[in-house]
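Q: So the protein sequences, as listed, match chains A and B.
Going letter by letter, the first sequence gives residues 1 to 263 in the numbering used here.
Going letter by letter, the second sequence gives residues 1001 to 1306 in the numbering used here.
Derived by calculation from the structure, the hints in this document are not laboratory data.
All C-beta atoms in this analysis are idealised placements derived from N, C-alpha and C, irrespective of residue type, glycine included.
Quick look at which bits of chain B chain A covers, simulated, 3 or more residues with Cβ under 8 angstroms:
hint: 1; stretch: 1051-1064
hint: 2; stretch: 1096-1105
Listed below are the simulated DSS-like cross-link pairs for lysine-lysine, each with C-alpha atoms no more than 30 angstroms apart in a straight line:
hint: 3; chain 1: B; residue 1: Lys1189; chain 2: B; residue 2: Lys1148
hint: 4; chain 1: B; residue 1: Lys1073; chain 2: B; residue 2: Lys1189
hint: 5; chain 1: B; residue 1: Lys1148; chain 2: A; residue 2: Lys172
hint: 6; chain 1: A; residue 1: Lys172; chain 2: B; residue 2: Lys1139
hint: 7; chain 1: B; residue 1: Lys1227; chain 2: B; residue 2: Lys1189
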Amino acid sequence: MSARASLPAVNRYSQAVWRRNALVWRRLIGPSLTTNVLDPLIFLFAFGYGLGAVIDRVGGMSYLAFVVPGMMCYAAMFAASFESTISTYARFSLQRTWDAILATPVSLTELMLGEMSWAATKGVFSASCVIVVGSLWGGVASPVGVLLALPALALGAICFACCGLAVTAQAKSWDIFAYFFTFWVTPMFMFSGTFFEVGRFPWFVQAIAWVLPMTHLIAVVRPLTAGVAVDPLAAAGHLLYVAALAAAAFSLARWRFGARLFG
Amino acid sequence: MDGTVAAAMPVIEVEALEKRYGEVHAVRGVSFSIPAGSCTGLLGPNGAGKTTIMRMIMALVQPTAGALRLFGKPPSALGRSMRERVGLVPQEDNLDPDLSVRQNLEVYGRYFGLPARTIAERVPRLLAFMQLAERGGAKVMQLSGGMKRRLTIARALIADPELIILDEPTTGLDPQARVLIWRRLLDLKREGKTLLLTTHYMDEAQRLSDRIIIIDGGRILDEGAPKDLIARHVRGHVVEVAKPLPRGFSEDGLERNDIGDAVLYYANDPAEVTRRLPADAAYLRREANLEDVFLRLTGHSLRQGE
Ligand SMILES: Nc1ncnc2c1ncn2[C@@H]1O[C@H](COP(=O)(O)OP(=O)(O)OP(=O)(O)O)[C@@H](O)[C@H]1O
Ligand SMILES: [Mg+2]
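For reference, chain A alone in the conformation it holds in the complex:
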């Protein structure tokens, strides 16, 4: 709560939107908690017996220590992306929830900030479930590092939510989201260093990987949770990239939604 209140633009009007989504989600907290805890458990179990047996050490750490931070980022990315696209589009078009909200004092920017911060909240929630499961499984070497990784994960979730909104702002039907998952979510799952080191791919794949915000997020989170020395300058560079992309995506989304809604 205090994190939201400290952002100047996230005022009580965007909080009202955030709270609306939280209220709806509250009923689903049981199933949501179950899947968010079970998903990483299944992953860890499968990878522990599968890849973990084949791969011994990656990037100077055990495969478990390598893959758990990747899964944290992936969980944040998937939840924030899903909420800001499929779920937000349902409220925008199918349910006309946005129509109803825009007839109130809530401005379009505030409405978008409310949706964005909610999607980011879900991302952080999913990542936190992985943190708990991963820690119990023994995949987090540095408890202090994981606390430091949390704000980075939150920034990442904000960025994924903004990118999702930018796509939703273009959507004329549900079809676009198939492309979104194929060309955005899946590449971040495969090439951003979740399961393998980015450096293993050919140069052109690496070039693409470093465009994706996920790659930068993992580059910051992984050394933190593994308790490996972090280059502060490099970390700042990665986080700056993620933040800049978030701002650009949000501005694009605002511009497109504005043209569509009030044109």
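Here the structure of chain A is known, so what remains is to put chain B with the ligands in place on it, guided by the hints.
A: Using the frame of chain A, we list chain B with the ligands on its own:
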């Protein structure tokens, strides 16, 4: 309209307002002003531009040209405070299907920035006012059409607005449900609220409105108090004669309006028409009403594409 209402500050002033959607010229230069505390009925056939005008007033649609003032100021100058003073009942249902009846009101109150205490105090009152008190915990999907409409009106009242814009508040409702809504709208008018309303039911418009604006094809055809419009456009009585018209019946000098399967004749004295009809001719005689004005001004045939 009496003198005090006419003298009150206009709540809405619209001047040469226009809206184009690409090729479609939805609103073509509309001017009117709505005094505080009055109820104005905006009437017109499907596609006339009623919803577009209302959405422009709410700043939900950008006008292509023209000027608009709410509470004496352009909407851009009012910003957020404008929305705080206006309640909208949209034509298409947009209640929140994920929330219960009560939650719909509570969440909406938060969009207006109302304190929790105010919301807690107003929600039960509004539910009672709209006769939804027993359904507070129901899901929106479990409501009948009439209940949904009542909830939408309750929602528009959550911030105690001065101006209430209602886009077809009773379309599709049964007579009892309509009567309840009429009673509530008259209550609101008595409280001094300003109402702007569209409807396709002429009896409803006549009953609720101090003033009627009839539009078609994005233009105002005429405006005035219901009884003045009736006096101006149709005489006191209507004689409706089914087609085919009786042989030997002379229409010379009669005011007529062909509505397809019948012809309406307007006359101060119905005998002017009936005495020309053969003794066995079937006809219907009644007092002229707003419906006749509407048909007279907008024609009877459905426009292309409607
Ligand atoms: N978003 C839009 N894009 C393109 N055309 C539109 C849009 N909204 C309305 N129109 C067109 O503008 C015209 C006026 O529509 P509007 O909805 O204002 O009519 P209305 O008087 O409210 O009709 P009804 O009684 O059917 O509700 C119609 O021709 C309609 O097709
Ligand atoms: Mg309409």
